[in-house]
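Engineer: With the hints as constraints, model all of the structure from the sequences given.
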Amino acid sequence: MGPGVTDTLLYVYAVTDADLVDAEVDGLSAVDDAPVHVIAEAAVAAVVSAVDAQRFDALALKRSLEDLQWLEGVARAHDAVVSRLASHRPVAPVRLATVFTSTENVRTLLRTRARDFTAALDRVRGRCEWAVKGFVITGHTAPATSAPAPGLSPGRSYLERRRAERDHRAQNQHEALTEAAALHDQLAQLAIASRQYPPQDRTLSGHRDEMVLNVAYLLPNGEESEFRQVVDAYQGRHLRLQLAGPWAPYSFAILEGDQ
Amino acid sequence: MTLATPRDELALVDLLDRLLTGGVVLTGDVTISLAGVDLVNISLRALISSVSILVEQ
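Line order of the protein sequences matches chains A and B. Residue numbering for the first sequence is 1 to 259, as defined by the numbering used here. Residue numbering for the second sequence is 260 to 316, as defined by the numbering used here.
Among these hints, one or two may not hold up.
[As the list claims (entries may be wrong)] Stretches of chain A that chain B covers, calculated by requiring three or more beta carbons in the stretch to come under 8 Å of a beta carbon on chain B: (1) 71-81; (2) 87-94; (3) 240-251.
[What the hints assert, rightly or not] Which chain A residues stay away from chain B? Per the calculated CB distances, all over 10 Å, these: (4) 43; (5) 151; (6) 189; (7) 233.
[Claimed, not checked] Under 10 Å between C-beta atoms, here's a sample of chain A residues computed to sit facing chain B: (8) 98; (9) 129; (10) 228; (11) 230; (12) 254.
Hint data in this document are derived by calculation from the structure and do not stem from the laboratory. Treat the numbers as computed from the prediction; the structure is a model and nothing was measured. Cβ atoms here follow ideal geometry from the backbone N, Cα and C, with glycine treated the same way.
Structural biologist: Right, here's the structure in full:
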């Protein structure tokens, strides 16, 4: 790097209320283990740490994102900082790998969008995110087909059996989807907001069964017991359900005008 | 080999679900926006290929 060119960038984790002080973020494990600090401006504060420009400038970032191990390290550090803050204050998490070249630029951002940030923080104040995932249970075996109709040739009998299994799978799938829709309706009524994610690829999720439900719900802090009861009531019929949370409100702290 | 992780730690795939599609989108000074669908696909492709490499091993 030539003289005068900045060799560090500021990585922004989240925006919160302006009363955040450095002491509150002391010791948080950040990207590259750099110290985390606070930039307060107008009514809001950004939580940032310095990162190496060689890894985070536009070109490098494009390459870096292809490196799964690196991506995981950054994602986990990002989440560690955001989650710690979200455990005791409203937080608007910022999209992964958002970097600025100077403190002044972060201040300008906070100043110009203070009103939007405040609105986003108000939407998630005293609330947290819960995630529900549903997988089709395929363990049920097809109806007894061990006794083929008399008089069928072995080939015909095999085809009949295959057809019965296929019908059974289709029926099972249909019932699982109907249940997933009914469950979501009930959960959405208990939640302040919800956001549906596409089902995860089986390769990525590591689950053998097909995912048919992947939704984030915004709930008031500490008010998940009724929500949990609804999930429990649906558990194990045609769906295997996973309830996870509380998470920082990644899916709901959205600025007006964001796509 | 899956991306499932130890208890109490979010699975990477769940984390990336949130981090790559959730959160506030700001135009940083380094304007490679992760809001860009292409980039999300790049990282998910990277994930998938890494996983299949691990599976093959």
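Engineer: Test coverage of the segment 240-251 of chain A by chain B using CB-CB distances below 8 Å; three residues minimum.
Structural biologist: Since three or more residues must qualify, the claim that chain B covers the segment 240-251 of chain A holds, with 4 doing so at under 8 Å.
Engineer: Going by Cβ atoms only, is residue 254 of chain A closer than 10 Å to chain B?
Structural biologist: Holds, about 7 Å.
Engineer: Restraint: residue 98 of chain A near chain B, CB-CB cut 10 Å. Satisfied or not?
Structural biologist: At 4 Å from the nearest chain B Cβ, residue 98 of chain A passes the 10 Å test, so the hint holds.
Engineer: Could you check if residue 228 of chain A really has its C-beta closer than 10 Å to a C-beta on chain B?
Structural biologist: violated, 18 Å
Engineer: Can we trust that residue 151 of chain A is non-interface, i.e. its beta-carbon lies farther than 10 Å from all of chain B?
Structural biologist: holds, 46 Å
Engineer: When I compare C-beta atoms, does the segment 71-81 of chain A have three or more residues closer than 8 Å to chain B?
Structural biologist: That given contact holds, which follows from 6 residues of the segment 71-81 of chain A lying within Cβ reach (below 8 Å) of chain B.
Engineer: Quick one, is the residue 230 of chain A hint okay against chain B at 10 Å, beta carbons?
Structural biologist: Violated, about 21 Å.
Engineer: With 10 Å as the threshold, tell me whether residue 233 of chain A passes as away from chain B on beta-carbon distances.
Structural biologist: Holds, since 24 Å exceeds 10 Å.
Engineer: May I ask you to check that residue 189 of chain A keeps its beta-carbon over 10 Å from the closest beta-carbon of chain B?
Structural biologist: holds, 22 Å
Engineer: Against chain B, does the segment 87-94 of chain A show at least 3 residues with beta-carbon separation below 8 Å?
Structural biologist: holds (count 3)
Engineer: If I take the minimum Cβ distance from residue 43 of chain A to any residue of chain B, is it greater than 10 Å?
Structural biologist: holds, 15 Å
Engineer: The hint names residue 129 of chain A as touching chain B; please verify it with the least Cβ-Cβ distance against 10 Å.
Structural biologist: holds, 8 Å
Violation of the numbered hints given earlier is confined to hints 10, 11; the remaining hints are satisfied by the structure.
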